[in-house]
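Q: With the hints as a guide, bring the two chains together.
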Amino acid sequence: MKPELLLSVDTKQRFSLDPRTKLYMLLIFSIVMIDGKTDGISFWLKPALSLLPFLLLLSGRRRKAAAIYLSVFCVSWITNLFLLDYLGTAAKIIVSLLTQLGMRWFPGAMMGYYLLSTTKVSEFVLAMQRMHIPEAFIIPFSVMFRFFPTISEEAESIGNAMRMRGITGKKFFKNPQAVLEYRIVPFMMSVVTIGNDLSAAALTRGLGNGKKRTSICKIGFHWKDLALMLVVTAVLLVFLFFSGGLK
Amino acid sequence: MIELKNVSFQYEQGNSKGKIENIDLTIHDGEVVLLCGESGCGKTTLTRLMNGLIPHYYEGTLTGQMIVEGIDVKNVSLYALSGVVGSVFQNPRTQFFTVDTTSEIAFGCENLGIDAEEINSRMEKTVSALKIRDLLNRSLFALSGGEKQKIACASVSAMEPKIFVLDEPSSNLDIESIRELKNVLREWKAQGKTIVIAEHRLYYLMDIADRVLYMTDGHIKENLPIADFRKKTTDELQSLGLRALQSEDFSRMKGAVGATRQLYIRDFEAAYKNASGGRKQKQKVLDIPDLMIPQGSVVGVVGNNGAGKTSFANNLCGLFQTAKGCMSMEGKTYMAGQRMKICYMVMQDVNHQLFTESVLDEILLSLDNADEEKAILEAEKIMESLHISEFREAHPMSLSGGQKQRVAIASAVASGKQIIVFDEPTSGLDYRHMKEVAENLRELSSLGKTLFIVTHDPELIAECCNYFVFIEKGKVLWSDGWNRISRERLQRFFAFEGD
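Protein sequence lines correspond, in order, to chains P and A. For the first sequence, our numbering gives the first residue as 1, with consecutive numbering after it. For the second sequence, our numbering gives the first residue as 1001, with consecutive numbering after it.
So that you can see chain A by itself, here it is in the shape it has in the complex (with noise of 0.2 Å):
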């Protein structure tokens, strides 16, 4: 059980984002409660409670009473909950201490102090309840970002823990490790755990929440049962800020685009040296001996983690060593190493770059431009057009995460590149942020830009996308613009069983 009494918190740094007030929560032993809202409402800082990392590692000042299994988190060190509550965190990448799988899942408890043998029986109940044999002993560092996730989720069950606390667990996963996820919850419910978890995606919770937690600024505005919530129209839920909880069904697509210019793509090919197999043995990552893509779409790269599709993108900027193939635009071939200089990728983790001390200084190591005067008239109508102007002498690092994302963009159009590729631009938005991601894409798309949008998320390619890459296995599978066909693909291939 978990006991919340007038409980509020603010972060140290002066920041109200986050913060949260007076709030009264009780979760029951068994209760699975989802926590929504957007961004910066607090959910994440009530997961940080639960699990002890408020007050104990994120400082800030904090009133109020939470009682945690009888522990009164305030009063005990955070490795008194260490055995209790069990936390699977956003970034797969960032929560793993060794470099193999099993000993990944032994960790929690070898911190513990169990013995062997215990570890050893409960290695194999978690292995087996989770079916994630095939992962045993296998190298970290060769997994995806969903195998990495099960096995956070295995180490952190290994531990048998009464309650589980997910901060965003599926922001990184493609819709294949989604639904894996999905059955890790439902066996911990099965267990009896109780399960917390905060989360922007919805539509994978429906069927396994007992309870939704609407927040806003801080406060819980509405405290449903999962029958009632699932009541609420599509519309309603996007003017509270929040994703759909149906899988999407592609139905506002867009007419196809009518460029008559096309891009050829030939011979796109990339291999690694196989990892696992000891022997030196290439493995064709990608294999694209030719695609046709009509100038100035808006083309989403859609497919399954490990496709291939990062492959795609990293090739099309020509940022391998090893990159293969030509692409032709406007009756121009460029080669692979040429190919930087007329392609742009904004990157994931837009921190890798930003380089310079302001939003200007940003945009004017792209433009380049010799005139100073000029460059800086050029500078501050991108700017504008990007809504960023009031930050013209910000750090780019103090911004939030969708404002870098957005100064990443004005670069991008400052550069004067004609292709810009963006690698997972929604992962971990909530509604109002995915829009605002979607209406930038169209802003560049308007000025006659091709996009490769690489994503996993439905929604934003119902918002924005106007033509398809389908990539499967290094190769393409199909490729089409808006039709019946393509749209009934869609949604097969981002259909939610129980739906």
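Chain P on its own, in the form it takes in the complex (with noise of 0.2 Å):
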């Protein structure tokens, strides 16, 4: 199984959000996450916020990275707060480090990781239609994803290849060059092969002839999207107020 960034097909989910409330959320999310402080309104605001990715994994069925980032959030945010000040300069440095990239960065990640492990490709190409953003931008976006695996395929073949030559390591350092060469110029034809008959094939099926492109694939916003929507809106309007803003 090659890897896929974003999902292919459906699986069960309880709990579906249009991809655009996802962006959305975030994008405040990480706007308010990715602020420093840890005091006044602060203190309480984050660890609630925090726990909404925790939910949200947990609705798409990721219930072990739910588990992962809850408890890397807590105990950076324990150590931040309550930890620190018993430590020496140096062990103070490199904790808090990790520890500031535990609560404000690692969050944001867990947000985007929920949108790409719940969202399918097609539901994210008809959010990005609704958004008025142009074809010219999403054509070639949405053949990227389809894209990846099929370059990580050619990649390993042709490392495979490679290795079978006995054009390996010990190789590499008699002539970086004529290796580096060896793996990029069979790469690139073969990319270039595939582009050609992709195009050719996507002409054939009518791929952006200039009408309107309909969907099979249904979203939209419900309740639950404006509730959360709100809710963030909210968190953000509480947040810029009452703790003076961003730095």
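One or more hints might be untrue.
Quick list of simulated restraints, FRET-style, between CB atoms [unchecked claim]:
#1 P/MET144 / A/LEU1447: 42 to 48 Å
#2 A/ARG1179 / P/THR193: 27 to 33 Å
#3 P/TRP223 / A/LYS1324: 50 to 56 Å
#4 A/SER1121 / P/CYS74: 50 to 56 Å
Simulated crosslink set (EDC-like; lysine to aspartate or glutamate; CA at most 20 Å straight-line) [said to hold, decoys possible]:
#5 P/LYS174 / A/ASP1371
#6 A/LYS1182 / A/ASP1371
#7 P/LYS212 / A/ASP1115
Not close to chain A: a few residues of chain P, all C-beta gaps over 10 Å, as computed [unchecked claim]:
#8 LEU26
#9 GLY40
#10 PHE43
#11 LEU49
#12 PHE82
#13 TYR86
#14 THR89
#15 LEU97
#16 LEU98
#17 PHE172
#18 LYS224
#19 ALA227
#20 PHE241
Honestly, the hints are just simulated from the structure, not real lab data. Heads up, the beta-carbon is just placed ideally off N, CA and C, and yes, glycines get one too.
A: What follows is the structure, encoded as structure tokens:
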């Protein structure tokens, strides 16, 4: 199984959101969490908000990711607030760096992971259409998702061929330029061929013919989406007013 | 209706390959027309004229008039044809655009701007007509080549074109998938669609096609009703460079291999994490406790797609990090990591294994001989034996598919490895090129190499294999040399209904 960035098929989800809601939440969430304050309103607001990705991941049946996320956040938060003062200077720098990552960046990353791991490519493409992003961006973007696994297959196959010819680490140090060339040239050739074939097939199936594309996907805003958007907007406003905004 | 009036075309690069000259042709509604002929005869060009890729995508000089369903192909854009002519291409990997099967079937319709309800009802029709309900809502990356090809057919079918144009759709398919492709074609024919299909494998189309066009050098040499075409004997067909019309009967079986030494294979195993199940359950895709192969034989590795043939080949060459088991040859035992030193694989896509700027360099790279003069002499000898001396200075990427394959074989010979594995060496080849490959394989065999050939091509097997390993569900079902029983088993496996 090759790595896939977005979902390709439906998973049974009890709680499905519009991709646009997910994007909006990701944006607000990142703005609030990336700020480093832990005093005042942030002391209550951030731990409360940090539960959001946890619950969402649970609803998307990503239990393991949810558990890892919650424990990393809690440990970082508690360490940062209560334990840092007891450490020596050197240890303090290192530990505080790690905890900052854990409480400021990691939650945003997990929110992004939630977006990717619970959204189908076709849903995402449709959401982009609804947001009036131009076709010239959407088409390459959607084909890209289908291209990644193919590219990794090609690269793997070329890697195998090289090992079979004995072009390995030892030869690399003798002549690094040649070894890089051996890897890049066949790779480029096959990517170009695949790209050519793909474009020909796309044209015969009427891609980019200027008509407005339709979609069999169903996305749309429901009360869940509205509620969540209101909640995160409220959080943002509270955060901006009561903690003096971003530094 | 498709009408071509005095059409000539030549590709831009000044390459005369694939050109066509003064073609006059009428294809009526509901007709199923088979285009055949050797590689480079112009049959692919003809299909491209019909779906508009010529002149709108592939550039060149075009004269004459082409009218498809009343549309003059030259004067409209490609999009005007996209709802009228549906195209299926050779390579299943390079004709899908989404990541899941359901979206893929809807893809063409979505582009045409058909509304969602209509698409859903068309999808329902297509799915039940082509019997692919079990393929819905699956990841395309988890499908086999045959399944992908069926999805490509379904996607085109949902657009409900009047004409279907297929360019060698069976090249990458196994026998089971070809049977299913045949059912798809039969369904389209029953719906009264016009079908134009360019193909090397002829036998599966004999009771579907209405008319056969035989092409050479860009001309239509023969234009025969199917009944007349079927009267041709195998010898006649072979002199035209065509594959057989019947399933192979393996009557030309060779004697058994007289080898006394054997290769022992023990505990070949491979497992993947079950991709679809979600649970991290390991699924064994290869499980061979022990197997004996006469050294120096040409082994046909046979079985359906997904049976584990490729896993077997990869494991044999030690290509996976996870490769397991051992192999003994001439008293030495090779573990997975060491097998790469004695095994060489000629891949299906030979482009992946040609690295240098000239054919000579390619062979020198494998020789790895410190004494340059000696190495060049040796390389000359190898090139001579494989008839590639004339290309010694050419860039491997500028050669034709068959020539590239010979270069890959040459570097295998140069590397001095004793075991050479071929992955589908004849997919998409016509009779003459298949014979050439068989010739090369026999040549290699006479050098004392042991060859493993993973193939779906019954004619290649009949030409050159003398030992067989039949793999099903990751296990070796049987392995044997030529005898009455193995012959019958092969006949049954490659038999085509209606013969």
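Q: Taking the minimum C-beta separation from P/LEU26 to chain A, is that value above 10 Å?
A: 21 Å, holds
Q: Verify this label for me: P/LEU49 is non-interface relative to chain A, using a Cβ-Cβ cutoff of 10 Å.
A: Consistent with the label, P/LEU49 stays out of reach of chain A, its closest Cβ about 30 Å off (over 10 Å).
Q: Over 10 Å from every CB of chain A: does P/PHE43 meet that, or does the non-interface label fail?
A: 39 Å, holds
Q: P/THR89: least C-beta distance to chain A exceeds 10 Å?
A: Label holds. Min Cβ-Cβ 44 Å, cutoff 10 Å.
Q: I want to verify a distance hint. Is the separation of the beta carbons of P/MET144 and A/LEU1447 within 42 to 48 Å?
A: 46 Å, holds
Q: Taking 20 Å as the top limit, are the C-alpha atoms of A/LYS1182 and A/ASP1371 close enough?
A: 56 Å, violated
Q: Taking the minimum C-beta separation from P/PHE172 to chain A, is that value above 10 Å?
A: Holds, because the least Cβ-Cβ distance between P/PHE172 and chain A comes to about 13 Å, which exceeds 10 Å.
Q: So is P/TYR86 really clear of chain A, every C-beta pair being over 10 Å apart?
A: 40 Å, holds
Q: Kindly confirm whether 50 to 56 Å is satisfied by the beta carbon distance between P/TRP223 and A/LYS1324.
A: Given range 50 to 56 Å: holds, Cβ gap about 54 Å.
Q: Can the restraint linking P/LYS174 and A/ASP1371 be considered satisfied, given a maximum Cα separation of 20 Å?
A: Holds, at about 17 Å.
Q: Are all beta-carbon distances from P/PHE241 to chain A longer than 10 Å?
A: 43 Å, holds
Q: Could you check that no beta carbon of chain A comes within 10 Å of the beta carbon of P/GLY40?
A: 44 Å, holds
Checked against the numbered hints above, the structure violates only hint 6.
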